[in-house]
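Chain by chain, the residues:
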Amino acid sequence: MARASSTSRKLTVTVFAWLVGLTLFFPVLWTVLTSFKTEAEAIADPPSLLFFNWTLENYVVVQERSNYFRYFWNSVLISVGSTVIGLIIAVPAAWAMAFVPSPRTRGILMWMLSTKMLPPVGVLIPIYLIFRDMNLLDTRTGLIIVMMLINLPIIVWMLYTYFKEIPGEILEAARMDGAQLRNEIIHVLTPMAIPGIASTMLLNVILAWNEAFWTLNLTAAKAAPLTAFIASYSSPEGLFYAKLSAASTMAIAPILILGWFSQKQLVRGLTFGAVK
Amino acid sequence: MATAHSRTAARAMISPAVIFLLLWMIVPLAMTLYFSFLRYNLLMPGMEEWTGFENYRYFLTDPAFSTALINTLLLVGGVLFITLVGGTLLALLLNQDFFGQGIVRVLAIAPFFVMPTVSALVFKNMFMNPVNGLFAFMAEAIGMQPIDWLAEIPLLSITLMVSWTWLPFATLILLTSLQSLDSEQMEASEMDGAGAISRFFYITVPHLARAGTVVVLIETIFLLSIFAEILVTTNGGPGNASTNLTYLVYAESLLRFDVGTGAAGGVVAIILANIVAIFLMRAIGKNLDA
Chain F
291 MARASSTSRK LTVTVFAWLV GLTLFFPVLW TVLTSFKTEA EAIADPPSLL FFNWTLENYV
351 VVQERSNYFR YFWNSVLISV GSTVIGLIIA VPAAWAMAFV PSPRTRGILM WMLSTKMLPP
411 VGVLIPIYLI FRDMNLLDTR TGLIIVMMLI NLPIIVWMLY TYFKEIPGEI LEAARMDGAQ
471 LRNEIIHVLT PMAIPGIAST MLLNVILAWN EAFWTLNLTA AKAAPLTAFI ASYSSPEGLF
531 YAKLSAASTM AIAPILILGW FSQKQLVRGL TFGAVK
Chain R
503 MATAHSRTAA RAMISPAVIF LLLWMIVPLA MTLYFSFLRY NLLMPGMEEW TGFENYRYFL
563 TDPAFSTALI NTLLLVGGVL FITLVGGTLL ALLLNQDFFG QGIVRVLAIA PFFVMPTVSA
623 LVFKNMFMNP VNGLFAFMAE AIGMQPIDWL AEIPLLSITL MVSWTWLPFA TLILLTSLQS
683 LDSEQMEASE MDGAGAISRF FYITVPHLAR AGTVVVLIET IFLLSIFAEI LVTTNGGPGN
743 ASTNLTYLVY AESLLRFDVG TGAAGGVVAI ILANIVAIFL MRAIGKNLDA
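Residue numbers (this note's numbering), protein chains in the order written: chain F, 291 to 566; chain R, 503 to 792.
Honestly, the hints are just simulated from the structure, not real lab data.
There may be inaccurate statements among the hints.
Said to hold, decoys possible - Taking beta-carbon pairs under 10 Å as the criterion, some of the chain R residues facing chain F (in silico):
no.: 1; residue: L531
no.: 2; residue: T534
no.: 3; residue: P618
no.: 4; residue: K626
no.: 5; residue: L683
no.: 6; residue: A771
Beta carbons: idealized from backbone N, C-alpha and C, even for Gly.
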């Protein structure tokens, strides 16, 4: 589509696209900028975008007053822990379904998907009571279990769609060459499956990190991850914009970075392979 | 290829996942169902008694239920409308050739990775606050009276916050689908003299329909369960103005400790979600055969 006006068209699209992109990103940018302001500057009228006295004080205060790193560490343990346990359970299952399909495979996959449709509020009370009786309320163990279970269907599905793409002929070729099942798995299949497993892990860490129904309902002070920690800023005495911004920036920064790496997998994972 | 031996192995490999999910689904579901027929308040332990459908009657005739149901539909419908229309436009824009494509995509997708409590509090305080919020400042700058977003139009405010989170999701999926659009077909129709608008409605829209359906269904599943955004901004208020079904059940069970009524509400929520789920499963199942 070579046209004389193609360069000027490209420039127009560039300006427009950047405007839209920056507008969507603005709340994040504004939060990050505010985190470097003093409280007075954070509510200054007119607000200043860049020309203020940059300070790191808010970050220091957030850590000192509320022991931010404890919540951060809870978030890391819960999201990574639940994902790793989920993978340990899901990799064999997805593997078997992809390479040894049986007439029931489809039914099992659809059923797993259906558990994801269960609204959390429908099982809130039983889980809350079971947790209370088993002393799992406000524990990291309890949350790791719940996160693992709510993400297990997504993990199985994502892995399944990745494993499905590994050509079966490779297995047969390896078998012809006299490879044992064990060697087959270690030397042929695993290297091909690693990218898929890594993507699955990435997406599920993100999902668990941002999950805010169970984390808010099942934790108090001890096991609270960042979602619950930030929620404590909703009380009126928490109306300190600069500190709220500093805490928020620290809570979203790791996942924004991970998220940018996982754009493609996000589509596949959240649509259960329906859109690739 | 599959021998009896490998079938047994396969079954052993699948069963842990199946057993865990089965337990996770059956046990709490059975308990919710059981509680929904009991008079059961956590503040009065040991006083549980069978009440039949009393909890359902109470929950369904409570005016808060019809409010919450309407709010849920408005919230889900509003976010779906904004993200689908906005997402299609945004996907078309990002699919163009321009300078800095990669960076703009990254910027536009970022909101999806912001945890709900952060986005809700940032919007509540730094944007929608009637005194110090940026929206109030912008309104004053153009000579308008600033409004107290979360007090005056709470449901719409929450709809906008949630849309901000889900717009990138819709965009990303529609963009992925756009990229698989057959360019030859586009060029052929262009040569045949089809204008940009008729090309959009006769080629692009039908092509995006499937991805759009997936967006609608998956967003609906998540949007029916919006909770954190309401909890940290309005607590469902003022009154019940921003209470959705999820928040109502939470309030019944963990704020008023009325387990029986909460469980009945939970069952109602499950039934509603299942109606959506049936359509979603059909859409995804179709793809599985391909």
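Against the structure, the hints come out as follows:
no. : hint : result
1   : L531 : 6 Å, holds
2   : T534 : 6 Å, holds
3   : P618 : 5 Å, holds
4   : K626 : 8 Å, holds
5   : L683 : 13 Å, violated
6   : A771 : 5 Å, holds
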